[in-house]
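Undergrad: Residues per chain are reported as follows:
There are 2 protein chains.
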Amino acid sequence: MTDLFAETRAAFDLPEGVIYLDGNSLGPLPRAAAARIARTVTEEWGAMLITAWNRAGWMEMPRRLGDRIGRLIGAAPGSVVLGDTLSIKVYQALAAALALRPGRRVILSDSGNFPTDLYMAEGLVKTLDAGHELRVVAPEDIAAAIDDDLAVLMLTEVDYRSGRRHDMAALTARAHAAGALAIWDLAHSAGALPVDLAGAGADFAVGCTYKYLNAGPGAPAFIYVAPALQEAAQPALSGWLGHAAPFAFDPAYRPGTGIERMRVGTPPVLQMAALDAALDIWDRVDMGAVRTRSVELTEAFIRGVEATCPELALVSPRDADRRGSQVSFRHPEGYAIIQALIARGVIGDFRAPDILRFGFTPLYTTAAEVEAAVARIAEVMSGRLWDRAEFRQRAAVT
Amino acid sequence: MTDLFAETRAAFDLPEGVIYLDGNSLGPLPRAAAARIARTVTEEWGAMLITAWNRAGWMEMPRRLGDRIGRLIGAAPGSVVLGDTLSIKVYQALAAALALRPGRRVILSDSGNFPTDLYMAEGLVKTLDAGHELRVVAPEDIAAAIDDDLAVLMLTEVDYRSGRRHDMAALTARAHAAGALAIWDLAHSAGALPVDLAGAGADFAVGCTYKYLNAGPGAPAFIYVAPALQEAAQPALSGWLGHAAPFAFDPAYRPGTGIERMRVGTPPVLQMAALDAALDIWDRVDMGAVRTRSVELTEAFIRGVEATCPELALVSPRDADRRGSQVSFRHPEGYAIIQALIARGVIGDFRAPDILRFGFTPLYTTAAEVEAAVARIAEVMSGRLWDRAEFRQRAAVT
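Listed in order, the protein sequences are those of chains A and B.
Per my numbering, residue 4 is the first one in the first sequence, and the count goes up by one each step.
Per my numbering, residue 4 is the first one in the second sequence, and the count goes up by one each step.
Just chain A, same shape as in the assembly (with noise of 0.2 Å):
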């Protein structure tokens, strides 16, 4: 196994001297992403012209990545397409599910969940003006939220901040028991541990690929809707690529068959070569193996800031089982040492209000990488090196 993600790390272009554990924010660059882009735009965009459509395979992109992605997330072939953003799909999702859920008015969410899940959640509401509800409640009440007027409940597994992670089967199963849907954003569990969608029976997931599968800054989303729904989701964004026949023009549209439908426009090329290079080194290891690797990884980082730096407080769970592959510490100057820490080469990132937040990635982040961080992070520490105005002054991008 060391040998495998020694491997992995050397398919990465990392720059020297920086430990990077912000790849739940931004994936680092596959070193073979570069010459792949490359080639999408002097020898296919550039020679092929109009004819790489289907010369160069464009248009079948989303939906093979689509089944590369699915491997990782227990998704069957044809359950997945990419396209658009995890904001857009979001939406795609909920329209879809509630229109299958006409009767009920109910959608519930935590506010553990990413904003822009509850932003588009609300836009969609204001939009329908048909009555429905945005519960949102705190993720450790969502169980006993679950209720019979609820439509659709709406998660995002881990927590952006806390790390924290919901248990999507039971949380599935209580929800279908009351007659409600379940969709599960992966943002921060697509690459950073096992997913099981088809076996926790998920109706519908939404992810990104900019994050732990490391595609690149604006990389595609993607889309998962169970296969025995496919048929009865009717698209909210019904675009012609997702029409059963995008080039005859039809004046009416025609949902396409299965997860086609899910699509909406012309998806981008650039950025889907850059996530098929990032996938080649996904084909190379199994989840149960980095899950192992990113458990060692972050009690390791917990230990270590634990034992050196007493100001910072863990906000992540202390069970392993009960967290992603993140760990969040909470402090006050939480911007300030953050900036601090990526001026002495640890790059982690600041979450409002107060949040220290580190994301571990098994296949670049070594064990050694966590003891030297551990060190530089104590350095900082007791030695108050964040208590700089350079450091406080906030960006406007953290």
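Treat the hints with care, as some may be off.
Said to hold, decoys possible - If the Cβ cut is set under 10 Å, some of the chain B residues that face chain A in the computed set are:
#, residue
1, A37
2, S90
3, V272
4, R397
Claimed, not checked - To be clear about the criterion: a stretch of chain A counts as covered by chain B if any three or more of its residues have a C-beta under 8 Å from a C-beta of chain B, and this derived list gives those stretches:
#, stretch
5, 17-27
6, 52-62
7, 365-378
Hint data in this document are derived by calculation from the structure and do not stem from the laboratory.
We treat Cβ as the ideally placed atom computed from N, Cα and C, and that holds for glycine.
Chain A is fixed; fit chain B onto it per the hints.
TA: What follows is chain B alone, placed relative to chain A:
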């Protein structure tokens, strides 16, 4: 002017021996784009990792590129933003427009609109389930169909099949006189002819960047909202990057200032890098010069084809003022003819059921190429060179 276009042509990487008359479907590769993309991949994504969102200015790109496009379409700075696909932008514009005309239920469009515009409207009408009606009439009947029950007039300025051009200013004025709003799709206008959104009083506009703007396969779309409407327009697709303070991670959505609220999710950075390079070429030209040259090229093409190919019937308006930058002919064997032409190095495209479509793009199309294209079309037609099984076999994408 000749020198100018010789210079712009040299800025493209065009394959040897090909006459490319399909830049209205996918523009060719700007030479500078390959290096620009490579720089974004290795020096920004690879070397700066997550910090590139600030350090490389990624977060500002949708707005900055929007302003660059704005110059070409008569839009003031701060009224155009990039993101998503054209289909999504149609939905976004239409949802916002309908919400601004709450007492009205009719969306008027025409049968020459690109299908995805009609499909997205159909999906929105079905999703709203509030009694809206998508009324589709023939393009020539639009003016007469504008009446006082109209909420929104939604048109594509230049017809993707015929190249027929609507009178944007006149129809917008008529829509306004009836109390309706006007949405213009500029897919075949931006970079094809002078557009004056502000002068025409357009309320919303949308467009893509992979056609005449040459930003590459799957390049992001753009949306324009008239400055006077920006604060009233409510985004149905209320994603986090359209929030007033995305990184505050507020639980409730609060729309951003002005055009910023029309952003949704994480923008496609690699595709935006390509667009940035493509727009450098546009900085050297003005749309008036492009239009003059475009008319010369299309007139020469029509003259040539009509003189040599009596079997091909002109579909585009004969009056240059009434068409965009493409010329279409009709023939029952249009598909096979286009395939035969592609095999002989003239790339145009086919649009069902019987349209042969040729785009003229002064930045790189020369008068000599138009002449040569006419000669090859004449050879194919007079020799019935299209009448071979290999040309009549339809591919999935055409």
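Undergrad: With reference to the structure, classify each hint as holding or not holding.
TA: Hint check results:
1. The closest approach between the C-beta of A37(B) and any C-beta of chain A is roughly 5 Å, which is under the 10 Å cut-off, so the hint is satisfied.
2. Annotation: interface hint on S90(B) holds; nearest CB of chain A at approximately 4 Å, less than 10 Å.
3. Residue-level restraint check for V272(B) holds (minimum Cβ-Cβ distance to chain A is 4 Å; threshold 10 Å).
4. Nearest Cβ of chain A to the Cβ of R397(B): about 9 Å, under the 10 Å cut. The hint holds.
5. Only residues whose beta carbon comes within less than 8 Å of a beta carbon in chain B count, and the stretch 17-27 of chain A has 4; three or more means the coverage holds.
6. Restraint check on the stretch 52-62 of chain A versus chain B: 8 residues with Cβ-Cβ distances below 8 Å, three needed, restraint holds.
7. Residues of the stretch 365-378 of chain A with a Cβ under 8 Å from some Cβ of chain B number 0, which does not satisfy the need for three, so the listed coverage is violated.
Of the numbered hints given earlier, the model fails hint 7 alone.
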